[in-house]
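Line by line, the protein sequences are chains A and B.
For the first sequence, the positions run 13 to 350 when my numbering is used.
For the second sequence, the positions run 2 to 166 when my numbering is used.
Note that these hints are calculated values from the structure, not bench results.
Please note: incorrect hints may appear among the correct ones.
With a Cα cut of at most 30 Å, we get these calculated DSS-like pairs of lysine-lysine [claimed, not checked]: (1) B/K43 to A/K311; (2) B/K43 to A/K152; (3) A/K124 to B/K43; (4) A/K146 to A/K311; (5) A/K311 to A/K152.
Non-contacting residues of chain B with respect to chain A, defined by C-beta distances greater than 10 Å in every case (computed) [as the list claims (entries may be wrong)]: (6) H27; (7) H41; (8) A50; (9) Y51; (10) A52; (11) E54; (12) Q55; (13) E67; (14) T108; (15) R125; (16) P126; (17) A131; (18) L134; (19) S137; (20) V138; (21) R147.
All C-beta atoms in this analysis are idealised placements derived from N, C-alpha and C, irrespective of residue type, glycine included.
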Amino acid sequence: MIEQQLRESFARHEGEAPNVDELRQGIVTLTGKRRRRRIALRYTGVAAIVAVVLLVVPLIVKNVPNRVPHIAPGVTTGLPDGPLNFLVLGLEPFDQPGSDSVTVVHISSDHKRAYLIDFERDLLVDIPGHGQGKLTSAYKLGGAPLTEQIVQSLTGITFNGVVTITVDALRDLTTAVGGIQMCLPVTVKSIHTGRTFPVGCYPFDGAAVADLVRQRMNLPMGGYTRDANIQRVMMALVSSVHRLNLFTDANRVAALLHVSGLQVDLGDIDAIALAAQLKNLDGKDLTGIVSPNYRTLDKAGVAYEQLDPVVTPQLFGALRDDALAQFATAHPDWLVNH
Amino acid sequence: MTYDEFVEDRLAALSRYAMMLTGDPHTAQDLVQETMVRAHEKWHQVSAAYAPEQYVKRMLTNLFLEWHRGSWLKRVRLRPEPQERPAPHDHAQRSADRDEVWQALATLPRQQRAAVVLRYYEDRPDQEIAEILGCSVSAARSYISRALATLRSRAGTQLSTGGRR
Numbered sequence: 013m014i015e016q017q018l019r020e021s022f023a024r025h026e027g028e029a030p031n032v033d034e035l036r037q038g039i040v041t042l043t044g045k046r047r048r049r050r051i052a053l054r055y056t057g058v059a060a061i062v063a064v065v066l067l068v069v070p071l072i073v074k075n076v077p078n079r080v081p082h083i084a085p086g087v088t089t090g091l092p093d094g095p096l097n098f099l100v101l102g103l104e105p106f107d108q109p110g111s112d113s114v115t116v117v118h119i120s121s122d123h124k125r126a127y128l129i130d131f132e133r134d135l136l137v138d139i140p141g142h143g144q145g146k147l148t149s150a151y152k153l154g155g156a157p158l159t160e161q162i163v164q165s166l167t168g169i170t171f172n173g174v175v176t177i178t179v180d181a182l183r184d185l186t187t188a189v190g191g192i193q194m195c196l197p198v199t200v201k202s203i204h205t206g207r208t209f210p211v212g213c214y215p216f217d218g219a220a221v222a223d224l225v226r227q228r229m230n231l232p233m234g235g236y237t238r239d240a241n242i243q244r245v246m247m248a249l250v251s252s253v254h255r256l257n258l259f260t261d262a263n264r265v266a267a268l269l270h271v272s273g274l275q276v277d278l279g280d281i282d283a284i285a286l287a288a289q290l291k292n293l294d295g296k297d298l299t300g301i302v303s304p305n306y307r308t309l310d311k312a313g314v315a316y317e318q319l320d321p322v323v324t325p326q327l328f329g330a331l332r333d334d335a336l337a338q339f340a341t342a343h344p345d346w347l348v349n350h
Numbered sequence: 002m003t004y005d006e007f008v009e010d011r012l013a014a015l016s017r018y019a020m021m022l023t024g025d026p027h028t029a030q031d032l033v034q035e036t037m038v039r040a041h042e043k044w045h046q047v048s049a050a051y052a053p054e055q056y057v058k059r060m061l062t063n064l065f066l067e068w069h070r071g072s073w074l075k076r077v078r079l080r081p082e083p084q085e086r087p088a089p090h091d092h093a094q095r096s097a098d099r100d101e102v103w104q105a106l107a108t109l110p111r112q113q114r115a116a117v118v119l120r121y122y123e124d125r126p127d128q129e130i131a132e133i134l135g136c137s138v139s140a141a142r143s144y145i146s147r148a149l150a151t152l153r154s155r156a157g158t159q160l161s162t163g164g165r166r
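For reference, chain B alone in the conformation it holds in the complex (with noise of 0.2 Å):
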């Protein structure tokens, strides 16, 4: 696969991808851009890979987990704010309800929250999950069932008890 039809081919889901590990679209294009740019230097290395997507998918991946590391994301901002709530009216708390685990998936630890997209977003099973982390299948486990753990108290606390209506 050449690097012009890999940008044809996955370049959207790769940016869906993004969009659903940063939480924020802007930072979703910084990340797509940089590991296409490291991907398009090191093309030779992608295309022999067993797996191209994959390896591009890890790229990424590897990217989003070392922002905090003084990486070049460093500067921008993974967690809005939350934001201010709309004004109670049945239709309108429902999907407010449902946006609690949008903001909740911001206060995760980005490996857990790289996994949660994995797992539930891509529908990858253990095994690739753990490979695109770079963990074991145990490791990913434990970050998906400690991040549920967490979404169901922050989310699920307040969908229980109806919000702070």
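Okay, chain A solo, but in the shape it has when bound (with noise of 0.2 Å):
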């Protein structure tokens, strides 16, 4: 009796159901919103990471004995004319490894501002040769000449100079800097050494600071917290490198030659002419954009990450054109806050 009552009641208010329609256009909304939040926060660190060899690279490629340059007394030029592009890839810690993170570093023709545009490692692309795959796995396929071939053909920009950096190569960048002052905000005891980071501020050597990057858990939110505590480290080495002094910090430099897992190739570029354009160029001076992704597509249960199909062709449209100082103040949603 009453069974039958509940089935009427039912019946009678399935109509009511929400709207499949309107149901699919949130939860695409909705998806894109929590990616770029997503993206944003772990991309913060890209861009950190980013500055930092973008103001050490410099002084590394100096001082390697076959490209040791000349450098006329009040001569800053021996750049090309227009903006510069990098491509800076950060590798995963394996033996094989595909690249972590896919960064175009965008410096504008005036050379006073630079530009970070992230490319999502799980991004469907065409691999020349091997079909279609993830940007991660060109790395593993064909290194950072294949990496690069085929973001210049999504972007249709030519790169000036290809980075590559490891994970290790954070911990002895900091040894190499003479390590960083920072505070963190939060106890963080590492379940690797043992040791507990109290909250405050106090020095932190190469040793202390690839311990703490990798403490995730017990974290107030866990890998978001980690996230932020990377950043905090990529500030201040770029405090710390932008403290040393190329003549009085002679041990240091020297040092930094020997980071391993960090290769620059520049190209043509003029080394010097390069750090000291750069050495001037600060945190406020970096603009990041999130990556333009769009959507996860799943092909054959493997999830892969699209193009923004409005939103890149303004993108790669305006870093062409050296105008992403428009695209910044056009598309406020799309950018690193910083």
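Using the hints, build the complex out of the two chains.
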């Protein structure tokens, strides 16, 4: 009796169920928002790594013995006219690494601003000679040159240089610049070494940094707190590098030469001229642009990222035309908050 | 099954199920959207499950059951105020009486409501109801019988006395 009434009552309200098309639209919108937020959090770490590499790289290259450049007093040119583009690849910590992060660094033609555009590692791309696959796998298949080729055909720009960096290089960079000074807002206890990092501001050496950035368990927000810590490390590194004096800190600069896991190919760029141009570039001159992702594509059980069909052409057009400042103004949603 | 195929084939059914659980189209929409975003994020896991549809249904049900523990749905009111009864009229009165069941459903604890929806809307066997609710078969049966008892006393009394005529 009551059972029958229940069935009738359910049947009567079936028509009130949410409209399927509206639901779909809602899901797509919500998914996009979540993805952008998640990627933005992860991305800030990458942006900071790139900032460090940009600042450190010229120091290293300058000291490579077979590339000692001549500097004429008062001459600050030696860079090609117009904007500069570099490709920075963060490698996975494996024997046969893929690229964990792929970042385009664009320096405006007045060399006063730098823009960082991140590409998702799982982006679905055409890999010449290997059909379609994930961007990350291109490094396994053909190293930096193949990855460079793919990003060039995606964006339509050519690169002035390519930089690769491993996770271990972070520790060595920290040691090379004489450690960093930074502040922790929460206590971190290492599950690897048992070491406790208390709240407060104090110096960290390379080993401490390597230990700290591996901790994400037992933190208030897990991986997000870890990402924030990585970001703090990177910003502190930028400050340390800024303080470094090319002439008086010769030992430190020499130590940077021995940072393994960092490879730099600057092509025809005059490293000293680049260093001179970039040494005044500060955190505030960097603009991070979020990976222009659209939605995940499921192909035979594997999830791939896709580029946003509307925003991506505008972004790449602005990149080619050195008009990223205008893009940034028009698309505040796609920027990484400082 | 890919995510897109799942959406194509199952979204409508999921939408109706959420409507029966929540009793309110807006809350149902929030519930389905939240579930599908989460399912999308871990689609590997979902599609590897023995029965993806069951898996997603269980995710949705869990979200519904957990909302009172300070979760995302906290702000949403699940129990609408009882509607004002229409003026006495034979035909209208009969359908108002039947709506007593719908109103009474809103007063059930969520586990009981979910169990009743799975049994009398989806016609699931006890075993599946228990799986979706994440409880034992005997607990699922007890949810249903307690729910029926409540519904009988709330809706049934008014029905048998002819309402408040």
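Numbers of the earlier hints that this structure fails to satisfy, in rising order: 3, 6, 7
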